[in-house]
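For this one, chain X is given, so just place chain B on it according to the hints.
So the sequence lines, in the order shown, correspond to chains X and B. In this text, residue positions in the first sequence follow our numbering: the first is 1, and each later residue adds one. In this text, residue positions in the second sequence follow our numbering: the first is 1, and each later residue adds one.
Keep in mind that the hints were calculated from the coordinates and are not lab data. On a predicted model such as this, the values are computed, not experimentally measured, just so you know. It is possible that some hints are incorrect.
Claimed, not checked - Think about it this way: if two alpha-carbon atoms lie no more than 25 Å apart in a straight line, the pair counts; the simulated SDA-like pairs of lysine to any residue are:
1) Lys-132(X) x Glu-97(X)
2) Lys-160(B) x Arg-31(B)
3) Lys-193(B) x Gln-162(B)
4) Lys-357(B) x Ser-78(X)
5) Lys-132(X) x Phe-374(B)
6) Lys-105(B) x Lys-160(B)
7) Lys-89(X) x Phe-374(B)
8) Lys-357(B) x Gly-79(X)
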Amino acid sequence: MNTPSNRVALFVTCLVDQLMPEIGVATVRVLRRARLAASTALQPGSGQGATRGLRKAGALGVDFPAAQTCCGQPFFNSGFRDEAARLAKRTIEIFEEHETVVLPSGSCTAMIRVEYPRLLAGESGWRDRAQKLAAKTFELSAFLARCRASFSFREALRIMYHDSCHLCRTLGLRDEPRKLLAESGCEIVEMAESDRCCGFGGLFSVRMPEVSNAMTAEKLRQAAATGVDVLVTADPGCLMQMRGMLETADRKKGTLRIEHIAVILEERTR
Amino acid sequence: MSASIPQFRNAARIAIENADLQSALEGATGRFRTHRERALAELPGADALRDHLKAIRAATIADLAEHLETFERNAAANGAQVHWARNAAEACQIVTGIAQSHGVKMVTKSKSMATEEIHLNQALVEAGITPVETDLGEWIIQLAGEPPSHIIAPAIHKTKEQVTGLFERESGRPIANDIPTLTAEARRMLREKFLEAGMGISGANIGVAETGSVVLVTNEGNGRMVTSLPPVHVAVMGIEKIAPTWDDAAAWLALLARSATGQPLSIYTSVITGPAREKDMGSSEVHIVLLDNGRSGLAGTPYEEVLQCIRCGACLNVCPVYRKAGGHAYGSPYSGPIGAVITPLLFGTTGYNRLEKYEALPQASSLSGPAWMFARCGSICPGC
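Next up, chain X with everything else stripped away, as it sits in the complex (with noise of 0.2 Å):
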């Protein structure tokens, strides 16, 4: 029934797949229940062809590349770079055949649309094939904020909203995730230094364990401040680094709800 331009392919990131695949599972729903925006209004800039094809579209489909791996971000960001670039490589001959590709995750969507550019930049071949790539490829809040979802209003939810490093400087998605969820009925209050890192950072949380763990801390007491009782984020590296530290130290005080924004947004648009 679907014809290839209205299909996505999942890249669903080594976190989610290993770790915690309920957000895998909420992506793919929330997905499918998504359409493009009728008269859409793509926003000027990389990527726009990429999804040109699905302005008539229905519903979306998506695809799941069984082959596909790490992005090869944890050697990119180690000095690892023959390594990652084998990664990018790879990463590149399993997704570039699909129109356009979604990640849940800032930090593996800037690894392919800002790093692998300039990784592979040096190899003529692959520079295109990389920027082709980058060009099609969308954090999973960017490419639904170009679609419209049917939410159905349930009660009003008061969250807070943590901005990733990669999300919101090195991808600029800030209004973004913000206007998914106030779309979808939350009620965002801001905490203090929203866009403070959580304290994961990929392998600095294992390299300097001790800061990592009072980064979190703090970003927790700065979360408590505001009184409200659930945290969204767009990356599973936070979300798990808080989660973690809230489900170990805290846990008995703790009524805070740290949740991936596809979990909320596939809870609100049931």
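Below, chain B without anything else, positioned relative to chain X:
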């Protein structure tokens, strides 16, 4: 000083477990951060001005040798004596030599990261000369025997209770634990030193090439006392602190205090153009020590950009790692994001060995890898 991974983690752990330090650090950096945001929001065209200053800094560093020679020529024409120091040892030798040639026993100092970098106080003490820091924060850490933990607020890790203890030890009598009393006490104790000193030592925020002038910004007025009361003034300036013209210096000054503390200008902006003329206030002999200490070796390398830094400290105040680990973990007078970058470059050896003593510093970022320009520090930097 060094920063191996165990050293960094251990120093950070000590800082994190110290509730007083955490509260002082979180509060002060948070205030600097919000004040900076407000100051830039109130400045029309702030982003364009930042781009303008970055362009000035990049162009200046690209032609640094020429600008330095212009500076030297004009400073000498004003009657200042210009010295070139290739490294810390040479700089210390020059400064102690000037003091000894005047028979100086005690010097007052205004805040200077360049003199922290070369460990000048230690060299002075070894030469039998007593250095007295007169910037309140620098004096506090001198009394505590500690290195600075922030580029512009060296005692940021201290609480007023700890300061009270240090002042009581210094004055030999009990002092009330409130800030007006503490500052009044510091003023009383330091005033004697200002009058007694045979030489004043300062840093230099900017060296303006077209007039050979040294610009100093302070908030306490101590910089003026240090550079005008004693008969001899020595300014130690990193060679990258050059502004070719006064227009360039004006853009720099418009962003320096705003980025650092959120002030439109610091309380005092002093310009020293040679020794005092007839009827002028000021030192009758002025020396300027131009400090290389690893800087010129970065010219033409991929790291050249770090020479554009104006030492405002804004990157420290937004850094989530610095704000928990504190400055001492970095094993360098320069801490935080800029410290993590320039410390191995300036004080390490060469090539990959640069990191031998500072292996923790590339890891002192939760947004590691080449993404730093998307980190909070990179996104607010006024210099590079």
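Numbers of the earlier hints that this structure fails to satisfy, in rising order: 6
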